[in-house]
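Residue numbers (my numbering), protein chains in the order written: chain Z, 1 to 350; chain D, 351 to 700.
A few of these clues could be false.
When the alpha-carbon atoms are kept at most 25 Å apart in a straight line, the in silico BS3-like pairs for lysine-lysine are as follows [said to hold, decoys possible]:
1) 542(D) x 268(Z)
2) 176(Z) x 600(D)
3) 282(Z) x 494(D)
4) 28(Z) x 632(D)
5) 192(Z) x 268(Z)
6) 379(D) x 137(Z)
7) 414(D) x 374(D)
8) 176(Z) x 379(D)
9) 395(D) x 192(Z)
10) 3(Z) x 144(Z)
11) 395(D) x 677(D)
12) 278(Z) x 378(D)
13) 614(D) x 268(Z)
14) 618(D) x 192(Z)
15) 137(Z) x 378(D)
16) 379(D) x 278(Z)
17) 243(Z) x 278(Z)
18) 29(Z) x 641(D)
19) 641(D) x 542(D)
20) 526(D) x 28(Z)
21) 29(Z) x 494(D)
22) 614(D) x 23(Z)
23) 614(D) x 144(Z)
24) 526(D) x 29(Z)
25) 414(D) x 395(D)
26) 282(Z) x 378(D)
27) 23(Z) x 526(D)
28) 29(Z) x 487(D)
29) 176(Z) x 378(D)
30) 494(D) x 28(Z)
31) 327(Z) x 379(D)
32) 628(D) x 29(Z)
Hints are computed from structural coordinates only; laboratory data are not their basis.
Protein chains: 2
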Amino acid sequence: MHKLAFIGFGVVGQGLAEILRDKKDVLKKEEGFEAEIVAISDLMKGSIYHPNGLDIETALKVLKETGNLENYPVTPGLVKGWDSLKTIRETNADTIIEVSFTDVKTGQPAINHCKAAFESSKNVVMTNKGPVALAYKELSELAKEKGVSWGFEGTVMSGTPALRMPIATLAGNDIKEIRGILNGTTNYILTKMEDEGVSYQKALKEAQLLGYAEADPTSDVEGYDARYKIVILANYVMNAPLKVDEVSCKGITEISLKDIEEAKAEGKRWKLLAKARKENGKVVATIAPEKVEITDPLAVISGATNAIAYDCDLMGTVTLSGAGAGKIETGFSLLIDLININREGTLVKM
Amino acid sequence: MHKLAFIGFGVVGQGLAEILRDKKDVLKKEEGFEAEIVAISDLMKGSIYHPNGLDIETALKVLKETGNLENYPVTPGLVKGWDSLKTIRETNADTIIEVSFTDVKTGQPAINHCKAAFESSKNVVMTNKGPVALAYKELSELAKEKGVSWGFEGTVMSGTPALRMPIATLAGNDIKEIRGILNGTTNYILTKMEDEGVSYQKALKEAQLLGYAEADPTSDVEGYDARYKIVILANYVMNAPLKVDEVSCKGITEISLKDIEEAKAEGKRWKLLAKARKENGKVVATIAPEKVEITDPLAVISGATNAIAYDCDLMGTVTLSGAGAGKIETGFSLLIDLININREGTLVKM
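All chains should be built: construct the whole structure from the sequences, respecting the hints.
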């Protein structure tokens with residue numbers, strides 16, 4: 001029985017909890033995977049812990065109806081009010097589900113959560129990008145030293161296997177270049193401008209109405225979100241110690257309808273491309289809008305879909321596309337990390 | 351040290367041998383993978399075996415210069431002339447590389463090679479489709495009983511991970527439908543007809559000149575090749591015991607330039623689609639040309655490229671595209687199977 005503690009319990013955490021509830025039997029049958037949630041600690045939604053496990057349905061129901069997990073029915077052994085670090089260090093969880101509300105600029109508190117978990121010999125699976133983009137070397141070495149696993153599939157393209165696919169299935173190739181559409185919001189905006197001839201501002205507003213873009217869209221439209229993701233890909237997939245500030249970054253805010261129309265006339269399309277390329281033994285990465293040929297596998301990726309093309313010495317170009325966000329899709333990214341820990345962690349390269 | 355015996359030594363086998371020669375150091379460093387070829391047995395090119403290993407470079411050179419492996423320099427312990435079954439049963443190989451010239455209709459002699467290998471407690475990695483399409487249940491059960499691994503990534507889309515990707519990275523999803531462009535020859539022909547307005551016959555001739563199509567193109571253009579591949583996908587990825595004769599099959603020989611133009615006018619494209627769909631607890635599969643919408647992820651797959659879309663309950667549609675053939679690409683498919691055996695076979699679902 002795989003014991004889990006959730007640090008943070010927002011949309012993504014609840015997504016995983018729902019999957020674990022709904023897929024309990026099939027995961028046991030097909031994967032021999034059995035998990036139980038022993039703790040949930042959320043800064044705003046309260047904190048509960050029971051060493052013998054919590055009932056998922058009850059926890060979700062209590063949260064929905066009362067807004068606070070601490071209204072969970074009291075049973076002998078139930079503990080309330082432990083903060084995230086105490087939950088990480090002192091519960092009997094095997095694995096920490098790190099989905100806390102984290103400042104993307106500093107990566108905190110997620111980085112400290114990872115450290116505390118590894119130091120307590122607990123695995124971490126997570127979707128926060130900060131710890132991988134900002135502290136990959138330190139954290140991966142610590143996890144390795146402690147003999148635990150660190151899964152973060154969901155940090156790039158949610159559960160679309162942008163990280164695990166190349167490691168599990170393209171090993172033996174030298175991946176010379178990675179090109180990706182790694183941000184759904186900007187791709188939605190560019191697609192909308194091209195398909196409907198609307199302005200950047202109008203397309204952005206539409207993206208905000210649909211929940212693709214946040215009220216402050218800076219992180220997406222300036223390319224910062226994609227920059228974190230290409231740094232994660234460089235570190236994990238290309239094995240290159242790239243830092244965020246080494247990546248030049250230009251967003252889509254200056255793309256006009258005129259630019260879009262001009263590209264169209266040339267048989268091209270504007271895409272915000274994240275690129276990382278091996279050059280003389282190191283990796284050079286950029287985020288910038290680019291006019292791609294209509295025949296490029298990335299040109300046809302429309303709307304909020306994400307895609308990534310790996311240029312390999314043996315296999316040529318292998319392209320993967322799928323969802324880049326979503327409650328269930330990102331919840332699944334945590335599940336596949338857990339499944340792979342259950343398969344004895346052989347896929348987690350550390 | 352992973353000891354290998356090649357049964358058959360045509361283009362694909364030589365492709366793997368070249369990769370093993372060229373990537374020796376990097377595979378050892380990055381994967382802890384060390385392989386040595388102890389035997390090669392080919393019906394036309396001769397047979398050599400040395401329990402302490404053969405020199406790859408020398409074997410390739412002797413074959414190239416003399417056309418017969420048995421001109422390999424004699425050293426103490428070198429054995430010549432063993433046939434495939436004796437090589438499988440009596441050499442000290444851990445794993446059989448099954449790349450023999452096989453009749454696709456009967457799957458022989460590859461099926462017998464697999465049986466002999468499993469009964470001798472040897473792993474098999476291979477690219478022949480017959481054993482998986484025609485005898486999946488029997489062979490996978492035998493391998494399981496004997497505790498050995500059976501890898502066949504290269505049977506669908508060469509080394510593009512159409513089989514391993516879903517197992518390694520999408521586990522936990524119910525894959526409800528698979529749609530693929532699984533035959534490069536027919537996709538090349540359809541692309542050529544559409545892009546250049548040439549007839550089916552002319553496009554076929556061009557494909558034959560380029561080596562994409564064989565002198566007798568029946569297996570490709572009638573859809574039989576794609577039919578084998580969808581059966582392999584159904585059995586392995588969807589866990590459904592589908593048989594070849596249960597798949598309705600229509601090729602592209604009746605597609606005219608007029609059909610192509612009509613589709614274009616409708617904003618569509620003809621593609622030879624392989625489909626497998628779960629319906630009431632069983633899998634229904636078809637091979638047929640279909641007019642797909644230009645916005646379909648499969649519509650943009652042009653030339654000899656292959657692609658496959660997995661429709662998942664949690665992740666939505668995940669699409670993978672890449673090479674479907676080629677000496678090095680198919681050679682790589684054998685390598686990734688070997689690498690995964692080396693990673694303790696946890697990915698080989700049997």
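Evaluation of the provided hints:
Note on residue 542(D) and residue 268(Z): the hinted pairing holds, with a Cα-Cα distance of about 21 Å set against a maximum of 25 Å. This hinted pair does not check out: residue 176(Z) and residue 600(D) have alpha carbons roughly 39 Å apart, beyond 25 Å. In summary, the hint linking residue 282(Z) to residue 494(D) is not supported, as the alpha carbons are separated by about 44 Å, beyond the 25 Å threshold. Between residue 28(Z) and residue 632(D), the direct Cα distance comes to roughly 21 Å. Compliance with the 25 Å bound is thereby established for this hinted pair.
At most 25 Å may separate the alpha-carbon atoms for a hinted pair to count; residue 192(Z) and residue 268(Z) meet this at roughly 15 Å. A C-alpha spacing of about 19 Å is found between residue 379(D) and residue 137(Z), which places the hinted pair at or below 25 Å, so the restraint holds. Between the alpha carbons of residue 414(D) and residue 374(D) the distance comes to roughly 21 Å, so the proposed pair stays at or under 25 Å and holds. Pair hint residue 176(Z) plus residue 379(D) holds up; C-alpha atoms about 18 Å apart against a cutoff of 25 Å.
Restraint check for residue 395(D) and residue 192(Z): not satisfied, since their Cα atoms lie roughly 59 Å apart, outside the 25 Å limit. With a C-alpha separation of about 20 Å, the suggested pair residue 3(Z) and residue 144(Z) falls inside the 25 Å cut-off, and the hint holds. A C-alpha spacing of about 18 Å is found between residue 395(D) and residue 677(D), which places the hinted pair at or below 25 Å, so the restraint holds. Distance hint between residue 278(Z) and residue 378(D) is fulfilled; the C-alpha atoms sit about 21 Å from each other, no more than 25 Å.
Under the criterion of a C-alpha separation no larger than 25 Å, the hint pairing residue 614(D) with residue 268(Z) is consistent with the structure, at around 19 Å. A hinted pair counts as satisfied when its Cα atoms are at most 25 Å apart, and residue 618(D) with residue 192(Z) qualifies at roughly 21 Å. Under the criterion of a C-alpha separation no larger than 25 Å, the hint pairing residue 137(Z) with residue 378(D) is consistent with the structure, at around 22 Å. Restraint check: the Cα-Cα separation between residue 379(D) and residue 278(Z) comes to about 19 Å, which is no more than 25 Å; the hinted pair holds.
Between residue 243(Z) and residue 278(Z) the alpha-carbon distance is near 15 Å, which keeps this suggested pair within the 25 Å criterion. A threshold of 25 Å between alpha carbons decides the hint, and for residue 29(Z) with residue 641(D) the separation of about 39 Å lies outside it, so the pair is violated. Straight-line distance between C-alpha atoms of residue 641(D) and residue 542(D) comes to about 16 Å, which keeps the hinted pair within the 25 Å bound. Proposed proximity of residue 526(D) and residue 28(Z) is supported: the alpha carbons are some 19 Å apart, at most 25 Å.
For the suggested pair residue 29(Z) and residue 494(D), the alpha carbons sit about 18 Å apart, so the restraint of at most 25 Å is met. Pair hint residue 614(D) plus residue 23(Z) does not hold up; C-alpha atoms about 43 Å apart against a cutoff of 25 Å. Restraint check for residue 614(D) and residue 144(Z): the C-alpha separation of about 55 Å exceeds 25 Å, so the hint is violated. Of the supplied pair hints, the one linking residue 526(D) and residue 29(Z) holds, its CA atoms being roughly 18 Å apart against a limit of 25 Å.
Under the criterion of a C-alpha separation no larger than 25 Å, the hint pairing residue 414(D) with residue 395(D) is consistent with the structure, at around 10 Å. Distance check on the hinted pair: residue 282(Z) and residue 378(D) sit about 21 Å apart at the alpha-carbon level, within 25 Å; holds. As the CA atoms of residue 23(Z) and residue 526(D) are separated by approximately 15 Å, the hinted pair is consistent with the 25 Å bound. With a C-alpha separation of about 19 Å, the suggested pair residue 29(Z) and residue 487(D) falls inside the 25 Å cut-off, and the hint holds.
Taking the CA atoms of residue 176(Z) and residue 378(D), the gap is near 19 Å; set against the 25 Å cutoff, the hint holds. A threshold of 25 Å between alpha carbons decides the hint, and for residue 494(D) with residue 28(Z) the separation of about 20 Å falls inside it, so the pair holds. Between the alpha carbons of residue 327(Z) and residue 379(D) the distance comes to roughly 39 Å, so the proposed pair goes past 25 Å and is violated. With a C-alpha separation of about 19 Å, the suggested pairing of residue 628(D) with residue 29(Z) holds against the 25 Å cut-off.
Hints 2, 3, 9, 18, 22, 23, 31 from the earlier list are contradicted by this structure; the remaining hints agree with it.
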